[in-house]
Amino acid sequence: LLGYLRTPYSGIAADQVCELERHFLTQRSGGIGSLLDIAAKMGLVGLEDLTKLAYAEGEVGTGEKGVLRLDLGAAQVVVRRMLACGLRGSSQALGIDEDVRVYLAVHGLLEALALLPEEFRDLRLILRVLPSLPVPGRRAERSDAVQVMTVSRARARRFGVVFMLGLVEGEFPRQGNLVSLLSSRQRSELDQAAGGGLFEEEQDREEALFLNGVSRAWQVLVLSAREVDDDGSKVEVSRFWFEARRLLGADERSPQKRGLADQVFAPEKAPCLREYLRACVATGRLPHPAVARAAGFHMRWSDLAWTQPPHRLTAPVALEELRSLECFTPSSLEAFSRCPFAWFIERVVGVEEFATEVDMRVLGDLLHRALSRIYRELSRQKLLPLTPENLARAEEFAETALMNLLEEETLVATLAERRLLGARLRVLVSSLLRMEAVRGTSLQVEATEKSVGGKEGVDIGGLRVRGRIDRVDTTDAGTAAFVLDYKSGSLPEASKLGTADDLQLALYLLALEAADPHREIIGGAYVSPRDKQYVGVVRGGWQDLLGDSCAGLKVLDEDEWRSFLEKARGVAVVAADGIRSGVISPRPHGKCPEWCDLGPVCRSERKERRR
14 LLGYLRTPYS GIAADQVCEL ERHFLTQRSG GIGSLLDIAA KMGLVGLEDL TKLAYAEGEV
74 GTGEKGVLRL DLGAAQVVVR RMLACGLRGS SQALGIDEDV RVYLAVHGLL EALALLPEEF
134 RDLRLILRVL PSLPVPGRRA ERSDAVQVMT VSRARARRFG VVFMLGLVEG EFPRQGNLVS
194 LLSSRQRSEL DQAAGGGLFE EEQDREEALF LNGVSRAWQV LVLSAREVDD DGSKVEVSRF
254 WFEARRLLGA DERSPQKRGL ADQVFAPEKA PCLREYLRAC VATGRLPHPA VARAAGFHMR
314 WSDLAWTQPP HRLTAPVALE ELRSLECFTP SSLEAFSRCP FAWFIERVVG VEEFATEVDM
374 RVLGDLLHRA LSRIYRELSR QKLLPLTPEN LARAEEFAET ALMNLLEEET LVATLAERRL
434 LGARLRVLVS SLLRMEAVRG TSLQVEATEK SVGGKEGVDI GGLRVRGRID RVDTTDAGTA
494 AFVLDYKSGS LPEASKLGTA DDLQLALYLL ALEAADPHRE IIGGAYVSPR DKQYVGVVRG
554 GWQDLLGDSC AGLKVLDEDE WRSFLEKARG VAVVAADGIR SGVISPRPHG KCPEWCDLGP
614 VCRSERKERR R
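Under this note's numbering, think of the first position of the sequence shown as 14, with each following residue one higher.
Don't read these hints as lab results, they were simulated from the structure. Owing to the predicted nature of the structure, the values given are computational and were not obtained by experimental measurement. Incorrect hints may have been included.
Derived DEER-like restraints, expressed as beta-carbon distance ranges [unchecked claim]: (1) Y17 with R291: 40 to 46 Å; (2) E462 with L286: 50 to 56 Å; (3) F176 with N417: 45 to 51 Å.
The beta-carbon is built from N, C-alpha and C at its ideal position, and this holds for glycine as well.
Using the sequences plus the hints, can you model the full thing?
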């Protein structure tokens, strides 16, 4: 019974089961009745249903052996409760489908028993049948199979040997990264004012999970921690590791230590083909010809000497796909110009991102969507251009647009994350509207999220580009246009505009100029509501139309303007040629940004050391 209560299917928290077991073990005499009495005193619900599962047929003591019959109605209640508790207690989708299949199988058995005579409800007979009950879609388990599961899922099972891995801070116990509008001090004060129990302590949950994990082993328990990650960075070993060693009386020499090199088998001891090939690479040996032929490949010594990615791709299929590209987006060309390797990994291979936290990219995307909706609504309400007099009304419409955006189902975020996003968006939007109100420009907002080039792109001179411009402002007559691009973070340096480090604005200007040759493009700027600044360029003679926003813009005469656009176009053409030819080499040494985390893959050097 205690084993069942430890599982997620009982619906009882792990720490409550530990407390129940502690009270039960301190009793001088115990049994099922004693355990149920303790559970009742603790206020644990659900156990009373178990007492209704069976009823005796035949009086014990009259010479006849009592027969326990299964109460089908009570059994259905227990089975449904087990499924519901299992679904609620599972933090991952892994295993949920199996729980549902098992429920359907047991439910079908109970329905079949209801159609049979009562003698088939012998509880002992049913218990013998249950282990062999077929479950649709379930794979047969081998006795020597290694099962990988979370600690939460393991609560329902017992095993001969258990390995608990990842005992480092941030993994077990997990980081306390719960998104909340309340600080830890505020949570503590509120919990104290409510008399306790308002918030579940993260530490208590982690300790209960750890205790349940170590109790899953019948014979052997192995606890595993690491001191460094694969890239050599040091990690902090979990407090559970040290506490377990203290309780077991282990000294400093007791743990068995393995370095990264020890995790590769010797070629002659490799248990499978994959490990054999890995061992050959680690030791600098060529695989046996028979093994190579069986694996369907041919290896050379040069294949083992790879220290960094090749300069370009050579696979015909990949090259053919890249050569067929006829149209590019400004962001793609800028990414390639910054680093071909990062562009290849992120945009062609597609790096899988495991982090699910709401980050700056989500905030930036929401800011663009919000501003597009807000300015369309302000235009319909005749509130543009913004002035200090109509700013209050504009902020009311902005608040409505933000609330609608944050309530959309397409936004994958918790309630607390939505609130935090909403607070940050309100600050950014309010800042931008206030900048707009005092800007003093005579330009009008013509379009937001303006598509340029369509599917085929627009020719800017030897290159076709397409994209979506955040905002286009025009003169009253519509004969001149100015481009605005929103940035939720920091702005690029003015000296980098039009270079490989910042191509987007210049390419938007070229694309807009090519798409509408009868309209004069007078400049463009990035705007940061966070920093309350503009960075961009404007053609000489037009700066008076921009008001205060001109303070952060570089004024270019006609020759400088054409040179600015032509240099950017040249960089973009080189980038497009590199993409089509399969170039994937990293940036030259010493130019990798500090935030790039692709160093272990590209193996380029940074600050005179290999990453």
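Check: In ascending order, which of the hints set out earlier in this document are inconsistent with the structure?
Finding: No hint contradicted; all consistent.
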